[in-house]
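Given the structure of chain H, go ahead and fit chain B onto it with the hints provided.
From first to last, the protein sequence lines are chains H and B.
Okay, so the first sequence: first residue is 1 according to the working numbering, each after it adds one.
Okay, so the second sequence: first residue is 1 according to the working numbering, each after it adds one.
Where hints are given, some of them may not hold.
Stated by the list, open to error - Calculated lysine-lysine pairs in the DSSO-like style (CA-CA distance at most 30 angstroms, straight line): (1) B/K278 x H/K278; (2) B/K138 x B/K329; (3) B/K101 x H/K101.
Stated by the list, open to error - Just so you have them, the derived chain B footprint on chain H, three or more residues with Cβ under 8 angstroms: (4) 43-52; (5) 258-267.
None of these hints come from the bench; they were simulated from the model.
Every residue gets a Cβ at the ideal spot worked out from N, C-alpha and C, and that includes glycine.
Now for the letters of each chain:
There are 2 protein chains.
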Amino acid sequence: MKIVPPYLLFIGDASDKLSIKMALSAAKWRPELCIGEYSVSGCSVTTGIEQMNIKQASDKGAKSFVLGFANSGGSLDKKWFPYIIEAMEAGMDIVSGLHEKLCSFPKLVIKAEQTQQKLLDIRHPQEGFVTGTGLKRKGKRLLTVGTDCSVGKMYTSLCIEQSMKALNFDVDFRATGQCGILIAGNGVAIDCVISDFISGATESLSPNNHAEHWDVIEGQGSLSHPAFAGVSLGLLHGSQPDALVVCHDLHRNHMRGLPKSQFPSIETTIALNLQAAKLTNPNVKVVGIAVNTSSVSVDEGQEICAAFSKQFTLPCVDPVRDGADSIVKTLL
Amino acid sequence: MKIVPPYLLFIGDASDKLSIKMALSAAKWRPELCIGEYSVSGCSVTTGIEQMNIKQASDKGAKSFVLGFANSGGSLDKKWFPYIIEAMEAGMDIVSGLHEKLCSFPKLVIKAEQTQQKLLDIRHPQEGFVTGTGLKRKGKRLLTVGTDCSVGKMYTSLCIEQSMKALNFDVDFRATGQCGILIAGNGVAIDCVISDFISGATESLSPNNHAEHWDVIEGQGSLSHPAFAGVSLGLLHGSQPDALVVCHDLHRNHMRGLPKSQFPSIETTIALNLQAAKLTNPNVKVVGIAVNTSSVSVDEGQEICAAFSKQFTLPCVDPVRDGADSIVKTLL
Chain H
1 MKIVPPYLLF
11 IGDASDKLSI
21 KMALSAAKWR
31 PELCIGEYSV
41 SGCSVTTGIE
51 QMNIKQASDK
61 GAKSFVLGFA
71 NSGGSLDKKW
81 FPYIIEAMEA
91 GMDIVSGLHE
101 KLCSFPKLVI
111 KAEQTQQKLL
121 DIRHPQEGFV
131 TGTGLKRKGK
141 RLLTVGTDCS
151 VGKMYTSLCI
161 EQSMKALNFD
171 VDFRATGQCG
181 ILIAGNGVAI
191 DCVISDFISG
201 ATESLSPNNH
211 AEHWDVIEGQ
221 GSLSHPAFAG
231 VSLGLLHGSQ
241 PDALVVCHDL
251 HRNHMRGLPK
261 SQFPSIETTI
271 ALNLQAAKLT
281 NPNVKVVGIA
291 VNTSSVSVDE
301 GQEICAAFSK
311 QFTLPCVDPV
321 RDGADSIVKT
331 LL
Chain B
1 MKIVPPYLLF
11 IGDASDKLSI
21 KMALSAAKWR
31 PELCIGEYSV
41 SGCSVTTGIE
51 QMNIKQASDK
61 GAKSFVLGFA
71 NSGGSLDKKW
81 FPYIIEAMEA
91 GMDIVSGLHE
101 KLCSFPKLVI
111 KAEQTQQKLL
121 DIRHPQEGFV
131 TGTGLKRKGK
141 RLLTVGTDCS
151 VGKMYTSLCI
161 EQSMKALNFD
171 VDFRATGQCG
181 ILIAGNGVAI
191 DCVISDFISG
201 ATESLSPNNH
211 AEHWDVIEGQ
221 GSLSHPAFAG
231 VSLGLLHGSQ
241 PDALVVCHDL
251 HRNHMRGLPK
261 SQFPSIETTI
271 ALNLQAAKLT
281 NPNVKVVGIA
291 VNTSSVSVDE
301 GQEICAAFSK
311 QFTLPCVDPV
321 RDGADSIVKT
331 LL
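Just chain H, same shape as in the assembly (with noise of 0.2 angstroms):
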């Protein structure tokens, strides 16, 4: 699966800006990629990006149509059918991150087939993977993991990678989320995974590489969540670590959809998560934490980061407001 660039972010006549993640991803972290936002009558949000429709943005040459919003239950409204088309028409590809897959629809399959045009369902791993070995596998690897889901681990992934391009570093950014595949052009949407190949999956997407060669992968999910710790374990047993950061977020005081869920400390997560990756990476150590510190002022947040510095004696930084440099200068 390969998004082609550019990127037409289409977002409908969405109202919040919470259901346009896919598009404010990609205009965040990959701007050179999107050559347009288009949006319709009702819609009051956007990703600041240059405003345009479709036969404008195929006129600038845009090869994939985004569909950069999302309603809670994942499902693709038919209303949107009409400009999907055009978008076909006009010699793009679709790219969506909805649960309700582009493909189980007959009519814009059939359009697909006429304009020779990809339906990506980037949500849904077409790949046939194999189960994981344990093997080593060349290069080094670094994975965010988190206290809880939603911390800010691709985020924290893309400010890391940010960095060692700064510093010379030869980097790869690997996506496992819909929002991150997009950024990338990319990865493998891990939770969509068959649970057999949760691990397999992970060695494919992070193969072989030369030795000073760095994979940043994205982290999903937190060891201590009772719905997804399954695919965090698989996740890091696959990624075999050499350095992981510890995200998290202030403020939280339960697992994320879970009211009775217990939140786990900073130092619960260091555990669990070094002991799980010794499986496969005995060598494996935390190098930073990542706090997203957006609940409070700046000073606040530099005040908190400082003492969690001390306490754990590693680089702390919120790596959207500070930057990632502290963390990735342990791995020079």
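For chain B alone, coordinates are given in the frame of chain H:
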């Protein structure tokens, strides 16, 4: 997915006992559900139950035609299509534990439609699962866990169920693999579930029950297996076991299928499973050890079990040779 007894076990022209695992499992554990075995010219193995053809089985009331064989690739040889079609015409559903789906062959789908029989691909869950909640459910649960894959978790679970029934427990065996599903008549092949739903599917497999009821849940994989630990962890969290039984096979030197992967001790296996299980049930206990001693003499096996029992202060048996009473009695 409900498999209707009685079963006709079809083993084709199999010449290897390992290749008829499905048929052997049903014949051993649910002989009362198996009306007969059907093999064709060239077959050199048997489950030991009465031989009959499709017509004879149908006359005796057979309701399901079970493909009791497997090949290494899990594919379905088209040479069996005439037998499958004859069985549907004789009023039987078709049950397959193969990787390749019955439903993927239009010829079989059309015949199933014509005859109003079902094609049951029991490795492939049909249900729409939800993600796990970690919420405590009523009733009691025992889960078998292992030092490795294929160390006897299903056999141990079934021995425990048998012993519990004899001791008047109210108990259900909950199947998580294709052989177990054939034995139980229902269940979920947990390694074929989308990874997001491992815990959620397990929760639905073992729902709320009355306080004194026991579910004996068939374990899968091992927390120490680099390929399958994610499945094992999701299954453990979703099971919320009150009681764990650790299963082990003598004389393994490495993890199944992975010659370079180290084998964990029983001690490590107990520690890892208790630690992880506490996330969804803080009161979890290990109640026994089950050892497959089939590679040594009965006397030597009993000596080994006695030594483990002393070392871990837990009942330790080969459940197939000795029964599981000593483990079950700790639950009284």
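Query raised in the report: B/K101 and H/K101: Cα distance at most 30 angstroms?
Result: holds (21 angstroms)
Query raised in the report: Taking 30 angstroms as the top limit, are the C-alpha atoms of B/K278 and H/K278 close enough?
Result: holds (21 angstroms)
**Report entry** Outcome, coverage of the stretch 258-267 of chain H by chain B - at least 3 residues whose beta-carbon is closer than 8 angstroms to one in that chain
**Finding:** Satisfied; 3 residues make the cut.
Query raised in the report: Holds or violated: B/K138 with B/K329, Cα cutoff 30 angstroms?
Result: holds (21 angstroms)
Query raised in the report: Taking 8 angstroms as the C-beta cutoff, is the stated coverage of the stretch 43-52 of chain H by chain B satisfied by three or more residues?
Result: Violated - the stretch 43-52 of chain H has 0 residues with a Cβ nearer than 8 angstroms to chain B, which falls short of three.
When each numbered hint is compared with the structure, a violation occurs for hint 4 only.
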